[in-house]
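Q: Go ahead and model the full structure; you've got the sequences and the hints to work with.
Protein chains: 2
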Amino acid sequence: MATLPLSASWVTGWIGSTAALCTTISFVPQLLRVWQRKSARDISLAMFLLFSFGEACWLVYGLDIRSGPIIIANAATLALALAILALKLRYGRRDTAVDKADDRIEP
Amino acid sequence: MATLPLSASWVTGWIGSTAALCTTISFVPQLLRVWQRKSARDISLAMFLLFSFGEACWLVYGLDIRSGPIIIANAATLALALAILALKLRYGRRDTAVDKADDRIEP
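Chains as they are written, first to last, in the working numbering: chain A, 223 to 329; chain B, 223 to 329.
Treat the hints loosely; a few may be bogus.
What the hints assert, rightly or not - Not the full set, but computed from the structure, chain B residues with beta-carbon under 7 angstroms of chain A:
no. : residue
1   : Trp236
2   : Thr240
3   : Ser248
4   : Pro251
5   : Gln252
6   : Ala262
7   : Ile265
8   : Met269
9   : Phe275
10  : Ala301
I should point out that these hints are in silico values taken from the structure, not numbers from a laboratory.
This one's a predicted model, so the numbers in the text were calculated from it and none came from an experiment.
Built from N, CA and C at the ideal position, the CB exists for glycine as well.
A: As structure tokens, then:
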């Protein structure tokens, strides 16, 4: 009789899919929160610039290795990150005056 | 003479590494911003709960397929996401009273 493998491939695939789904979908409540509050003062511009660039690289990587799941997951995450970035820039102008009062460095 | 391949494997590897590095490091300025401002009102609790769970799944997935880069990148991202989550929870108590005034739903 064959011994049971340490990890069945379908479990691994399921964990990977759950991981991709959760990390992508997680940006939806963040987008909604910024949209509803009409404020993005605590959101880091540097984070979303760097994150969007990273997601764009993941997209190119996925296209390069022709991986459907990598392309779909990262295209969706990139779209959400760019939407949050757009709101940050939109509300940023209004926030700047307030920020100047208590901020010296904006990470 | 051999034709040039559409994409050299070292270029693909470089793009993938850049992608992983940028998406991981991007959480550093967000952590610093919340830490310096002592505020996380615009940060979505649902995002960081879901994102941290997703990152934990990526970590398990990486351990499962024994991929060093996936393990390292996602362990670092998970640590940063948990730190932001901890600050969100820490400052959340103070923010709640203010939030109640203008929030009905907290995404």
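Q: Are the hints correct? Go through all of them and say.
A: Hint by hint, here is what the structure shows:
1. Trp236: violated, 9 angstroms
2. Thr240: holds, 5 angstroms
3. Ser248: With a closest approach of 4 angstroms, the serine 248/B hint holds.
4. Pro251: holds, 4 angstroms
5. Gln252: Since chain A brings a Cβ to about 4 angstroms from glutamine 252/B, closer than 7 angstroms, the hint holds.
6. Ala262: holds, 5 angstroms
7. Ile265: holds, 5 angstroms
8. Met269: Result: holds, 4 angstroms to nearest chain A Cβ.
9. Phe275: With a closest approach of 5 angstroms, the phenylalanine 275/B hint holds.
10. Ala301: violated, 15 angstroms
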